[in-house]
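Protein chains: 2
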Amino acid sequence: MFESAELGHRIDKDTYENEVPKLREALLDAQFELAQQAKFPVIILIGGVDGAGKGETVNLLNAWMDPRHIEAHAMGEPSDEERERPPMWRFWRALPPKGKIGIFFGSWYTLPILNRVLGKSKSSELSQSIDRINRFEKMLTDEDALILKFWFHLSKDAQKKRLKTLEKDPKTRWRVTDTDWERFKLYDEFRKVSEHTLRETSTGEAPWIVVEGEDFRYRSLTVGKILLEAIRKRLDHPARPAQPNIAPLQAPIDQLDVIDKLNMSQKLSRKKYETELEQYQGKLNLLTRDPGFHKMSLIAVFEGSDAAGKGGAIRRITAALDARYCRIIPIAAPTEEERAQPYMWRFWRHIPRSGRVTIFDRSWYGRVLVERVEKFCPEEDWMRAYSEINDFEEQLVDNNTVLVKFWLAITREEQLRRFKERESIGFKRFKITEEDWRNREKWDDYERAVCDMVDRTSTEIAPWTLVEANDKYFARIKILKTLCQRIEAAMKKG
Amino acid sequence: MFESAELGHRIDKDTYENEVPKLREALLDAQFELAQQAKFPVIILIGGVDGAGKGETVNLLNAWMDPRHIEAHAMGEPSDEERERPPMWRFWRALPPKGKIGIFFGSWYTLPILNRVLGKSKSSELSQSIDRINRFEKMLTDEDALILKFWFHLSKDAQKKRLKTLEKDPKTRWRVTDTDWERFKLYDEFRKVSEHTLRETSTGEAPWIVVEGEDFRYRSLTVGKILLEAIRKRLDHPARPAQPNIAPLQAPIDQLDVIDKLNMSQKLSRKKYETELEQYQGKLNLLTRDPGFHKMSLIAVFEGSDAAGKGGAIRRITAALDARYCRIIPIAAPTEEERAQPYMWRFWRHIPRSGRVTIFDRSWYGRVLVERVEKFCPEEDWMRAYSEINDFEEQLVDNNTVLVKFWLAITREEQLRRFKERESIGFKRFKITEEDWRNREKWDDYERAVCDMVDRTSTEIAPWTLVEANDKYFARIKILKTLCQRIEAAMKKG
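Chains F and P are the protein sequences, given in the same order.
In terms of our numbering, the first sequence opens at residue 73 and continues consecutively.
In terms of our numbering, the second sequence opens at residue 73 and continues consecutively.
One or more hints might be untrue.
In this list, chains with the same sequence are indistinguishable; a pair is considered to hold if it fits within one copy or across any two.
As the list claims (entries may be wrong) - In silico SDA-like pairs for lysine to any residue, Cα to Cα no more than 20 Å straight-line:
no.: 1; residue 1: Lys-192; residue 2: Asp-203
no.: 2; residue 1: Lys-492; residue 2: Arg-510
no.: 3; residue 1: Lys-228; residue 2: Pro-535
no.: 4; residue 1: Lys-333; residue 2: Gly-80
no.: 5; residue 1: Lys-228; residue 2: Ser-341
Read the hints as simulated data drawn from the structure, not as lab findings.
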């Protein structure tokens with residue numbers, strides 16, 4: 073893979089000085105159009121051998137283009153904030169929105185490669201990272217991102233020469249540390265691991281581009297020209313998403329589904345409710361104050377039919393928690409900023425730190441519920457959402473998050489009763505709108521979407537809890553009880 | 073994932089008998105149209121719990137449809153033939169061509185799941201299998217296949233009941249073996265591993281469909297209807313491939329590439345050639361008769377410019393080998409049968425058994441060379457070919473194949489000299505055509521394609537050997553020597 077980057081590529085000074093002004097102008101033009109269209113983001117990854125000019129290239133791109141629409145991220149050691157979230161969180165928060173360019177100096181490749189080179193991880197762990205990276209980049213390209221992955225390469229001799237040259241010059245001596253020489257000893261291993269990783273992640277949609285790093289003018293002009301070409305190509309020929317040949321999801325032919333099977337007549341007396349409420353709220357409070365909880369976090373997701381009682385149930389939980397460590401995220405239509413990002417971005421941003429609780433009032437499941445039923449997004453988008461959601465939840469659980477997902481089910485009749493009640497009671501009237509009545513007409517479509525959702529995302533690591541919510545007392549206690557059980561189980565596991 | 077398949081779905085006899093005739097007719101219609109269009113193959117995977125009706129469903133589909141256009145494959149223990157090839161070979165050879173339906177009873181999922189359940193493999197090995205499966209299925213859908221993955225599920229109680237029922241009836245008693253009861257003990261583990269695997273392989277393009285297996289009528293009608301819907305949908309709305317937003321591959325800005333760097337003046341005297349030819353042919357002969365060679369196989373790939381001397385070099389190799397164990401595969405335009413399959417199919421079919429040698433005179437690299445340059449396929453197809461090729465070669469090498477890839481390079485001037493020589497010598501005239509002259513005009517495009525090919529597919533496990541072939545003697549000896557070295561190195565590694 074590195075043959076072409078060990079040939080001693082060079083560009084002479086005259087050519088460089090002749091080409092650069094034209095290139096800069098064209099890049100600025102393209103960047104302007106990119107920002108105007110605001111239809112796709114450009115994600116540039118900079119990786120490779122130390123001393124191959126990675127940093128200089130980042131600075132140069134910044135200097136050549138309009139810095140207002142470009143953002144460089146130096147991804148060094150993760151911060152405390154970052155360490156308490158899944159490893160990909162820091163990259164999600166740094167993704168450029170549509171119309172902008174994000175440069176990642178050090179990326180999702182850095183740690184997997186480095187840990188393997190230093191012997192801190194096994195080859196099977198590298199495989200898992202590669203798998204996760206491929207899923208992540210597929211999601212990005214499915215979401216229209218333009219990804220450019222540059223790998224700056226130096227042969228072993230060239231790297232040695234480069235480090236020595238830097239060391240000799242008093243002005244650059246500080247840039248060469250003992251660590252650099254330590255790393256140099258690992259050159260062969262680094263090359264082997266990188267080659268393997270590049271090979272396994274060079275896909276049709278996001279191929280690696282290997283650039284020889286020795287000559288400043290060659291590497292700068294190469295990166296600049298490829299970047300220009302790539303952006304221009306996308307601006308002039310917008311990507312066209314596939315219309316995939318998927319098998320349509322269908323309702324069970326006997327019309328029997330998980331919702332039908334619920335025993336909706338389950339009830340709790342007021343008296344029993346009040347006793348149990350106190351009991352489980354107390355328990356939940358103790359559990360979240362347990363030292364064991366500091367190493368984990370809790371995410372509770374609430375989905376349900378309109379008027380199923382999500383709000384009331386959530387209030388019974390928050391009443392048991394320390395408000396400083398608990399956040400409620402109501403999910404409504406995405407903001408402008410959120411619309412400029414991949415679908416899952418607006419949920420990643422709300423992942424709690426360790427020891428914290430986040431409650432989602434509606435969630436990422438909107439894509440496979442309302443967006444599917446109302447046809448807000450095409451079938452291929454909500455079909456791929458199931459696996460994107462499973463990937464997301466797997467990363468949460470890997471990071472010691474207790475993830476509890478509730479579907480609050482009420483019957484058609486009970487919903488009607490509640491709608492009417494809301495209309496007749498003054499302080500509840502704001503809770504019922506035309507839209508609620510419209511949604512109600514699509515009851516069957518919603519039920520279908522709920523069952524598909526449960527089938528495809530109720531997994532061993534993040535099961536759905538279906539809550540029979542015709543009786544609010546019963547529902548609230550079932551929810552509190554489930555939360556306590558799930559936290560206890562996680563604590564036992566360790 | 074299995075919630076909906078534990079509800080006790082049932083279809084009564086009347087409904088069934090009323091629906092089946094209509095369904096069969098519609099299926100036959102769809103099947104007929106599928107065969108007429110011959111635009112995509114249908115691949116049906118049947119997996120799941122023992123006793124959940126997998127076999128019956130396969131038989132039923134066969135009975136309902138036209139058996140001439142449907143082929144069922146029972147994938148049990150691999151044969152000797154199959155064990156000597158990479159694990160995926162047996163599935164490649166059984167893929168249905170466009171216009172046909174292939175049913176896999178037991179599939180690429182069976183062994184990875186079973187080995188994990190029985191503790192014969194580690195969870196990291198399962199991850200690797202899952203990764204490979206996802207790449208394979210992505211390739212299939214990229215190649216327009218319609219994939220339907222059915223998972224037949226039974227709850228633990230239902231499976232027990234089912235096995236007991238079968239045992240009680242003298243007519244079906246033979247179907248329940250001790251192994252079945254042994255397997256039943258592993259139900260929980262099987263469920264866990266399956267759920268994990270299904271979750272990780274349920275993609276937007278090829279989602280799993282879980283079917284409750286208890287009721288014969290329910291499961292049969294469900295599978296039949298989904299199959300019908302899926303085929304109809306594809307017939308009526310052909311899949312539209314994505315026009316992906318890839319960064320265009322570009323020539324190095326200083327025009328320097330791996331081919332330029334070759335020292336094309338290297339020569340060998342006739343006398344030295346004859347001595348070395350004898351020496352290395354003898355060595356190669358001994359190596360391929362070594363007992364160590366029986367556990368491996370050799371694949372040599374020859375690519376090169378027109379008139380670069382591939383044929384002559386190949387003859388010098390075969391002269392050293394036992395003709396019974398050596399095959400030469402000349403790759404020209406694909407046959408009709410090959411065109412009805414994914415691109416890589418026609419190379420998979422020629423993978424040698426252990427102890428054998430296969431020489432490809434041109435190869436799978438045609439896609440990124442002639443097909444790219446002559447625009448026989450769209451950019452997205454040859455762009456994804458690089459990673460499909462790397463996947464393929466990785467599987468060969470994993471299976472102890474020594475894979476040696478030669479690019480025979482001659483200069484523009486030398487080609488002209490040879491072309492002219494060919495035209496003037498009677499018995500060589502057939503070797504030169506109009507097309508050769510036309511190709512020659514695209515010399516630069518081909519050189520570009522060759523360099524990209526080397527950059528993207530010369531890997532640590534399957535490197536390219538560039539052969540300076542202006543002097544035929546030099547070229548032939550370099551080739552023989554390289555073959556010997558690579559076999560020796562593989563033997564040392566064991």
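Intra- versus inter-subunit Cα pairing at 20 Å for Lys-228 with Pro-535: Between copies only: 19 Å across, 51 Å inside.
Check Lys-492 against Arg-510 for me: Cα-Cα at most 20 Å, and say if that holds within a copy, between copies, both or neither. For Lys-492 and Arg-510, the Cα distance is within 20 Å only inside one copy (14 Å; across copies 80 Å).
Within, between, both or neither: how does the pair Lys-333, Gly-80 come out at a Cα-Cα threshold of 20 Å? between (70 Å within a copy, 10 Å between copies)
If the cut is 20 Å between Cα atoms, do Lys-228 and Ser-341 qualify within a copy, between copies, both or neither? Neither, since 77 Å and 35 Å both go past 20 Å.
How would you label the pair Lys-192, Asp-203 (within, between, both, or neither) given a Cα cut-off of 20 Å? within (18 Å within a copy, 22 Å between copies)
Hint compliance for this structure: hint 5 alone is broken.
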